[in-house]
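Peer 1: Below are the chains, spelled out letter by letter.
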Amino acid sequence: MKSSMKCCPFFMTAVKIKVKETSMINTLEISNLAKDYGDFRLEDVSFNLPQGYIMGLIGPNGAGKTTIIKIIMNLVMKQQGQVKLFGKDHQEYEVAVKKRIGFVYDTPNYYQHLNLRQLKNVVAPFYENWDEAVFNGLVNHFNLPLKKTLKKFSKGMAMKASIAIAMSHHADFLIMDEPTSGLDPVIRREVLDFFREFMQHEDKSILFSSHITTDIEQVADYITYVQDGRVIFSKTKDEVFEDYALVKGGNDLLDEDTKSALLGVRSGAYGFEGLTHNVKGARAVFGDSAIYDPASLEDIMFFTGMKTRKVL
Amino acid sequence: MKIIISNASSEPIYEQIGRQIKAQIISGELKEGDGLPSIRKLAKELHISVITTKRAYEELEKEGFIDTVGGKGTFVAIQNKELLREKRMKSVEDMMADTVTEAKKLDISYEELNEMLSILYDSSED
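In order, the protein sequence lines correspond to chains A and B.
Numbering follows the working numbering, in which position 159 of the first sequence is assigned residue number 167; successive positions increment by one, without gaps.
Numbering follows the working numbering, in which position 97 of the second sequence is assigned residue number 266; successive positions increment by one, without gaps.
Chain A with its partners taken away, still in its complex shape:
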């Protein structure tokens, strides 16, 4: 089967983590997506999410995360590019693919006067796969009241209710915009644990956006980092943390040459701290006199955003 595969050695060394998959199916394929709002542009956005994995979409506020999600859901029209869900075009097969998607939107404002049971009665008829037992199970699991009006729900309860509604038609792909923002740490963990439980089935996938980087560090298999409407990287979490590092050292190590090995650098009175996306390369430049610490997603966001921020 593999005998016809040609591969140059250079490429082979570039791929550090090879995931053996008997059949790598992509739940989501996005290629060359573009959308121009005048003051904001999505440009050349491309990434894939293989089936069976969780992808976290990170980026600063206004980076384009929500726009990307809305385009996937065809709530915003793209101007260029292609979106495929389960291998099918998201517009041409919109009805069919949406049946398999559980969509959790920021905060549902409609139907605030209803209680959860009434909301369920409104939503359920839209899905032929609606499963009352799954819904009741989730309501129990999340400890949600059925008779309290939604406007009296706390933010955490509202999010859990949205998830319960989104999950009760046996969705294969869960898409969520900022599902954990505004939730307290206990409820955040509960929601993340629910993601982990959902992923016990290898035919499921999750895409969620967040600017809470630790949530993504905790559960994501793939990380797509968006900034100013562009994809900075989209790769496995392991690759991200193997490639990126914080370089720290004395200011004597910094000059125009060595600085170019860093994506962003912050220099203080007693030394500097900078980000590299190639630890080996940085080691060759700075040697053993610098310290190489693991970079968090927050570090990555902070330093890669430096170029576009004016001050600092």
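Warning: the hint list may mix true and false statements.
To be verified - Taking lysine-lysine and the DSSO-like style, the derived pairs with C-alpha atoms no more than 30 Å apart in a straight line are:
1. A:K256 / B:K274
2. B:K231 / B:K171
3. A:K288 / B:K273
Since the hints were made in silico from the structure, they are not lab data.
Knowing the structure of chain A, use the given hints to seat chain B on it.
Peer 2: Here is chain B on its own, set in the frame of chain A:
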């Protein structure tokens, strides 16, 4: 089976998993034919990526410690005692190689190193 992951360690998580499972196979805590949790179960329990557990299992499989039987799960491989000893010898060799590299960096002579080794060897309990 016991696996403790440190997020503060510089050792990659897949290596931490691999090392701990290997140690438990070598010590006999995990016996031939014992079932290991599925890749997804382990990822969920350890709060790590499926890709990480998959990589850990793949490395263990490559080294012959575990076998994955399609549709049935992952099991501790039937171990050849000689092979096990050889593997442990290899890991001693690797550690010694690291020691030698470090010693050379510090200009420690072979004689000095040898002396250090013999003192350590004699003072060690077992």
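Peer 1: Which of the listed hints are not met by the structure?
Peer 2: none
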